[in-house]
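Colleague: Chains X and R supply the protein sequences, listed in that same order.
Going letter by letter, the first sequence gives residues 1 to 602 in my numbering.
Going letter by letter, the second sequence gives residues 603 to 794 in my numbering.
Beta-carbon label-pair distances, calculated as ranges:
1) X:I14 to R:L750: 45 to 51 angstroms
2) X:F38 to R:L616: 21 to 27 angstroms
3) R:L616 to X:A100: 22 to 28 angstroms
4) R:L616 to X:P561: 42 to 48 angstroms
5) R:A717 to X:P488: 29 to 35 angstroms
6) X:Y205 to R:L750: 33 to 39 angstroms
Because the hints were derived from the structure by calculation, they are not lab data.
Here a beta-carbon is modelled for each residue, glycine too, at the ideal position from N, C-alpha and C.
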Amino acid sequence: MTANGYMQLGLYLIALIGLAWPLGVYMARVYRDELPGFVRWLKPVENLFYRVCGVKPGDDMPWTRYAFAMIAFNLMGFLAVYALQRFQVWLPLNPEGLAAVTPDSSFNTAVSFATNTNWQGYGGETTMSYLTQMLGLSVQNFLSAATGMAVVVALMRGFTRKEAGGVGNFWVDMVRSTLYILLPLSIILSLALVTQGVVQSFSPYQKAQLVESVSYEQAKTGANGEPVVDAQGQPVMEQVAVAEQTIAVGPAASQIAIKQLGTNGGGFFNVNSAHPLENPTPLANFLELLAILIIPAALCFTFGRFVGDMRQGGAILAAMTVVFTALLGVTAVAEQSGNPLFERLGLVTEASDMQAGGNMEGKETRFGIANSALWAIATTAASNGSVNSMHDSYTPLGGMVPMWLMQLGEVIYGGVGSGLYGMLVFALIGVFVAGLMIGRTPEYLGKKIEAFEVKMAAVAILVPPLVVLVGAALAVSLDVGRAGIFNPGAHGFSEVLYALSSAGNNNGSAFGGLSANTPFYNTLLGFAMLLARYWVMIPVLAIAGALAAKKIVPASAGTLPTHTPLFVLLLIGTVVVVGALTFVPALALGPVVEHLQMISVK
Amino acid sequence: MLKELKPALLVLALMTVLTGVAYPLLVTGIAQGLFPDQANGSLIEQDGKLVGSALVGQPFADPKHFWSRPSATGPVPYNAGASSGSNLGPLNPALEEAVKARIDALKATDPTNTAPIPVDLVTASGSGLDPHISPAAARWQAPRIARLRGLSEADVARLIDDHTEGRQLGLLGEPRVNVLTLNLALDRLAKS
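Pulled out of the complex, with its shape left as it was, chain X reads as follows:
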């Protein structure tokens, strides 16, 4: 990469942390009902919600009721998205006349959007009507994100409350997340994106006259609709000339803004943020990248405010940033070094002010290597499944890092809400391990960490890897699973492992070659997403409830301080060791083998 490439990456990190700080402080005020003046005019809207929906905002819910409300709400969302897809052909705002989506694909997509995964087995512009995109997918982009934020706020209350029975009110946390945080940021971002050329219209697809018409061959069909065959039984081919370009448009900007802010990632178009009408310029790319990580990063500051010690949030953020920067470096260098094939064929692959060079297969000219690598790392660190380049065409090591980031449980910034609560679970494990080493009862933020919390933390940490590894093993053992593989050799295994890592950690990113829109993958990945989402959320809420009920013990000489560089290292060590021990064998069979094959070709 050129010096400019490093500058772009550095600028991004500085802007991210600089903007996350004030946003995090603002979010803490929203959740504690200390609204700043400039949003207080929205308070009547918030109260209207409670009045119409029969919610008593003062109701303090025990963690079980909080969890039930969350699940009931997500279930309704799931049903709505499922129904919209199945009935879209009879509903308005379907100018292209797109057909009803198949039951298995509808199930997969409904789970995917309700669980904040946004895995896409379908191509947006060829499958979903404008109505389905707006009323189904866009709405869940907001609500699944707000759900994650609500759960992390409940966990924060667990740390701050003393001998309390409840962890807050789910409806209040959810409505406030949407009304005061996600919605205003989305309006600002979507308009900024429109200025850059992201489309926002309800027109049907545009037809442009091509400068040069093109043609393709297709099998000729006779009057009876059957393929025509020649004397040898071979199908007869005919030339079809194409003189027009169909340009898919739609209300994209409003959906893209929330897809990034809510770490959702489901693209309006098939190729997601690589599409020039979804992500037209480097500035649009930069703003979308900021949107992807800003709320997860800001929540660390919110956490600091909640527990009354900004250094605690700072330590968590520092651990995330160290891992992020290191892994970003690996992918950026791997992609810039590129595919040795291109040098063998005599191509120019060196980066300069005239071209990005490196491995440009599957990447856009305007983004080059630096912005493609940054996007791949930011989206898989978060639970954002969007792509601005095709990960399937990455070099083996360049593609392994995004896969491993998902396998770590998406705690490096992570999804909105889910990233921080996942990281706090790792912090509990970290202090538990440290407590064992020094022979004292582990404590975190004045709460004693006892058997129940550690068991719940273990469940939350172990369920996703179990889903990923068992699911991947199942898929590669069955013919229906292997049938979806596109690339030969070790890379084909990586495609399957990547898909399960993505669904099993609610990311949504894909090695796009895998044909996953089949009943087998739609079902397998659908269940993987459900298990991974709720078998982390429910234990986290259980921890929140258990912690809220505890006393706060004052710090003593034997307390491990949790804001020091030592703790940051301990936390990084816990995340990396768990992630490495669990996944190194599987990664060795995919990307590692492929890398060794790649460098051995002469």
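Please build the complex by placing chain R on the supplied structure of chain X, with the hints as guidance.
Modeller: Chain R in isolation, oriented as in the chain X frame:
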């Protein structure tokens, strides 16, 4: 516990109105009012006809035009109704074959050009709709365009410069050349 089902349904209904109807309509209204060109796809009209979008690439196979990057959309390249990347892995033999064929095709259009080809000109873009090539890829094609169109290389270089976008704000992204607007300008030049 079942009493949470009622708020679940009602909150979803209200939120659907707010985030699924009011929000996209508000954004569409402002976007269409203030930035209609961008909101409708940055469309290019010429002689009253829609000839494309400044943000969406088109396929070019005529040696008298600058060629775009290879596109993996089907059934024809640059199908902006069904975007797609190639998804070819780095060791897939199909990738090697495709890149070799593209190198041969480019060299066949300009046998005297012995300069090495920039990598972006023979690798498929992520979207299959990339409107840009790198300035290096445009310059590699310049001698061919000059020869076939009877222009001086300096004229062609100037035209490339006119259609080159630098890094945004001097820092972001990569320098790039818009192939469609460049070719439209070439064709206008030929007509005048």
